[in-house]
Structure formats: structure tokens, C-alpha cells
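Novice: So you can see what is in the structure, the chains are spelled out below.
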Amino acid sequence: MSRAGAPPAAAPTAGETVLELRDLTTEIRSVRGLVRPVDAVSLRVRAGEVVGLVGESGSGKSMTAFSVMRLFPTKAARLVSGEVRLRGRDLVPLPQEAMRAVRGREVGMIFQDPASYLNPVLSVGRQLEQQLQAHAMGRGARARIAELLRDVGLASEIAGRYPHELSGGQAQRVGIASALACRPALVIADEPTTALDVTIQAQVLRLMARLQREGGVAMLLITHDLGVVAEVCDHVYVMYAGRIVEEAPVASLFAAPQHPYTQGLLAGVLDLIEPKPIEVAIHGSVPDLASPPPGCRFHPRCPHVMDVCRRETPPHFEVGDARAACWLHDGAPGAEATA
Amino acid sequence: MSRARGSKALGAFALERLLNAVPLVIGVIVINFLLVSLAPGDPVTALIGEFPAPPEYVERVRAQYGLDRPVPERMVRYLGSVVRGDLGFSFANRQPVLELVLERLGRTLVLMISTVVLATIVGVVLGVWAARRPHSGVDRGATGFALAGYSIPEFWLGQILILVFAVGLGWLPAGGFRSIRADYVGWAAVVDQARHMILPMLALSFRYMAITTRLTRASLLEVMNSDYILASRARGLSERRVLWEHGLRAAALPIITVIGYNFSFIVAGSALVETVFGWPGVGRLMYDSIFTRDYPVLLGILLIVSIAVILVNLLTDVAYALFDPRVRY
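Top to bottom, those sequences are chains A and B. The first sequence begins at 22 in this note's numbering and counts up one residue at a time. The second sequence begins at 1158 in this note's numbering and counts up one residue at a time.
Hints were generated in silico from the structure; no laboratory data involved. This one's a predicted model, so the numbers in the text were calculated from it and none came from an experiment. Idealized CB from N, CA, C, for every residue including glycine. Don't take every hint at face value.
What the hints assert, rightly or not - Just a few of them, taken from the derived set where beta-carbon distance is under 7 Å, the chain B residues facing chain A:
1) R1392
2) A1476
3) A1478
Stated by the list, open to error - What the simulated footprint calls covered on chain B by chain A, stretch by stretch (three residues with Cβ under 8 Å from a Cβ of chain A suffice, anywhere in the stretch; the number is not a length):
4) 1373-1385
5) 1403-1409
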């Protein structure tokens, strides 16, 4: 187990499970009671793989990422149960100091708005140097920073610049350099291209995909953009109101979405090219997590709602190479309920 | 709001600001001169005293000091002599004004600088402490302390400190800037003067400790909730690094501004505190010169204090630019 100062662990072998979440649950205390933005979420990311976590805003996908780091934007949030296994080791029981050694070292994180995630009064080089020093890689930091900046397509002079002197694309490249600085096993990218111009989005996405392939790291990519998913992901989890509703290899998801919510999401994207009947599109909005609907959380918006959906939470049914939490697949030919 | 970076170096900016200050200083002289001329009371009466002097003697004194000339002519002559570095002659002290003011200025600066240093250190430490645990006991204590600091006037606090620590407990001297009866040399003299400075420094710094505490707390709380603090934690930085290097460095900007801005208020406060403690500095001299209608001294003090305030503001801007890479002139 690596602590601060320990030599970097061996690179993960291809196919090894790098991140596994088991029934991860996070709560936020709010004025209207306890909210569970992450409710029994299980997912798996393997080495060399890009896994997408897709959902609308408020579905809990960013909170899932923060739960992995056990670092929340609000003090009211708390990881309450479940496991976060990083290369087999459960991070949940670790004390804060041990978690600190994991953050930025074994797990790198890329944020949505690159400019606001860099300290405006410290130079880019200083911020990267701090990270290397925090993980006992301070020796040779200057050369390493130049190398990192070159890897993300920036000149090494950028190290002397301040965040306000960078464009959005340059700032996000710095963010990527920071996420990869300590050669982590896992990179979590939370809407990494959302704040960027469309032309820059494609560049940054290609850069991330290339570095991910070359380094063999596992990547959890959080996005609401199905175009991004189609372009870079191998496997996709769809999240709705704090729960995973569908999981599938990316090709299967786009070819044959199994959950009505996923079908609706895809209809929203594809109807320009291939018009769908109007009833497939999703009506209404994401439920209030302080008092979620009983049974399947999607039932108030579902075009196929049945009685059972209002009463009981659907388990995940295996449908071909996908898994969907929807009662429509109960007893369907080839479908099999799993945990 | 966008400023072109590096178009001018900081030195050039400072020089430009200094040159811009020249008309400002002239304006200050003119306004002060007019204000003093309009003030009631006759310096000649103050000079000669209350006893009835023969009118022809009064007239001779008036002519000797040029006080019989019209105000505009006196102002132009005063400006001319200021440009030559001559601030006039003190009626009451029988000494050139510049010499007198500079002699007293040193003692006031010692008091003011130690006040600023003390207030900044105590204020920042208390503010950081309070911001780390908002709404805790420490935070409430710091907030209560700040409220007291805002509302207690310096001169009253000074008198209370004298009553408690000098008269009551007898720990520290009640006034003056050194012991008159003992003849200390070397370190003993330094210690003696430091002991005399403690109470005036406390009286003067209390309010600025409070202001700095409040501001540090508010500024740091805001910064610690920002995205880049979360990001620095996500990079695995220790909480100490996050607080002192990321948090406080970004939170320091408003604190620097207010320290510079406070300087002019500390000048005003020092006049009261020096009077209460009999500290023979510029503040005390200003108070005395108002009472004795010693106008050249009053004008000289106002001029030198104005220049000092302009210089401190300039230093504040330079410090701001050094701390915040986004600020370039």
C-alpha cells in the first residue's frame, strides 16, 4: 500500500479492475432533511478503459466522483456506506491523512471549469510543483513539469504563467497535466470539456483519450454529453436520481438502450437525424432527492409505467451484454435479475 | 477591467504615481493654508500671551512674521518657501518647523509601525483561527473581540489602560517615552523605551486588530470555499499547505488594501493616543500647535503627514501588485 513518500506502485496490468464501487451511498444534510445524491451505486473501471458516467445535472454523478476522493464541495456531505475499492484496497476505512496520499497520487482529477480550479495567485508551475512535493516527487520537479506540459501540448514556459494568462483550453491542458502528474492508476474527469469552446472540446477530448491509451490508466468520465460518450468511452453507466439505471458497452447502449430513461436521453440527441415518435422523449424534470418517488425513481416520467414500478425498486436485469434496472425486463426472454 | 500585462514595469508605475502626487500635495497645502487662515484665533495673541501688550508692539510682531499681508500673498510666499525646503519657523518652539517635525516624526513612526505590525499579526492569526472553525467558540470570541475593537475609542481605552496597568497594577509607566529620572544607556535604554511604548501601542492597535481580524476571517472563509481550494485538496496537498499557501495568499489581497488604507486613520488615532500618554510625537505636537495657534508647525505637520499617506498608499499598491499577478499597471 503506498503512503506519501512510497515509490510509485507498479502500473496496472491491462484488464485489471482499478476502481470498483460497491453500494456506495453518500448523504447530504440539507434544510429539508437528508438527501442521498449517491444511492447504492456500484460500478467498475478496468485498466486501459474509459468508463462513462452519464446523467442529467443533479443526478449525482459529480457527487459519485467526490465520494471516490472522499472530498466534498460542502461540509454537509458524508459517505455513509459502501466500498470504494482502488486496485482491490477499500479506501472507505482509511483515515484522512492516508486519503491525502491517494488524492492526486493514485487518483487524478480533472474538473469542469479549468480556470476556477487553478489558484489565481500562484503560477502554473508552482501549483504542479506543490502536488509533486506533496507526494514526495519534489526532486527533479522542474524537469517533470516541463515533460508534463509537453505531454499535454503546452510549451514549458507555461510553467511561469498565471492562470489568468491562459486560455480555457490551455488551462484545461494544465488540469490534465496535474491529473496525470504522479502517474495515477485512475483519472476521474468531471465534465472536462463542458466549459470549453466547441472547437477546443474536441482537441481536449482527443488529448485525454490519447494520454489515457498511452499511459494505460483507467478513466472515469463524468458527462451529460452523449456525443462525448460515443467518442471516447468503452463502457457506460447511466445515472438517474442517485442510482445507476443502466450499464452497457458503449456500442450496445447506442444500438439498443434498455432502460426507458436511456431511450429518452438518446432520443433527445438523435431526433434531429432520425426522428423518433414523440412519446419517447422525457417529460418533466429530475425528482426532488429530499423526497424521491417510491419504487423506480423514473416512474413519474416513464412512458411505460406499470403498477409494480410505483411500489418496488427494480433490481438490475441482465439483457444481453447490458444491465438495466427496469421492470420491463422482468421475465423477458433472456433477462435475468442480478443484485 | 482588463489591464495589459507587462506594458509598464512596476518601477515606472511607481514613478508615475509619485509625479502625479505633486499636484495633489500642492492642493493639500493650499486647502490646509486656507483652512488655517479661516480658523478663529490670532497667532499673535497666542504668541505674546494674554497680558495686554501695547498695540504698536502687537503690530510690530504681526509685521515681523508677515501676518499683516493678505492671505493670497502669504500663501504664495509659503508655497515658495516649501518648494525650497523651508517649512517656516515655529512661534511657540523658537525652532525651524522642519527640524522640529522631523525630530518628532521618528517617535511617531516607531509607534505607528509597531502598531501596524502588532495589529496585522494578531488580526491575521485570530482571523485565520476563527475562519478555520466558523461558528465555534473561538470564532464567537474573535467576533466579540472585533465588535469591542470597533466600538471602543482609542483615547478612552488609553485612559483605562493607564488606570489598570500603570496606576492600579503599577506594571508599566503611565506616560512619556522614557524615564526622565534614570539615565539608562545601551540595552537598558531600549528596554525602558519599549516599556513606555507598550500601553500607547495597545491603545492604538486595538481597533486595527479588530478590523484585520474581521476582514481576514471573511476573506479566508470565502477563499476556502472556492473551487481551487477543492482542487488543491484533490491534488493531495496537506491541509496546512492548502490553508497557508493557497488560502491565505489569495485572502491576503483585501487585507493588504485595508492595512494601507488604515494607515491614515492610525495617524489620526496617534494624535489622540500621544496626547493621552504624553508621547512626544507628531500627534502630540499637532495637538499642541492647534492650541498655541502655531500655524507654521500645524501646516508643516499636515504637509508631511499627507506625503506619508501618499507614500503608504503607493507602497500598498506595489505590495498588491506583488501579491496578485493579475494586477499590472
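Novice: If a hint holds in the structure, say so; if it doesn't, say that too.
Specialist: Going down the list of hints, with the structure as the test:
1. R1392: Holds. Min distance 4 Å.
2. A1476: This hint is violated: A1476 of chain B lies away from chain A, its Cβ roughly 13 Å from the closest one there, beyond 7 Å.
3. A1478: 12 Å, violated
4. 1373-1385: As far as the stretch 1373-1385 of chain B goes, the hint holds, because 3 residues have Cβ atoms under 8 Å from chain A.
5. 1403-1409: With 3 residues closer than 8 Å to chain A, the stretch 1403-1409 of chain B meets the three-residue bar; holds.
Going through the hint list in order, the structure does not satisfy hints 2, 3.
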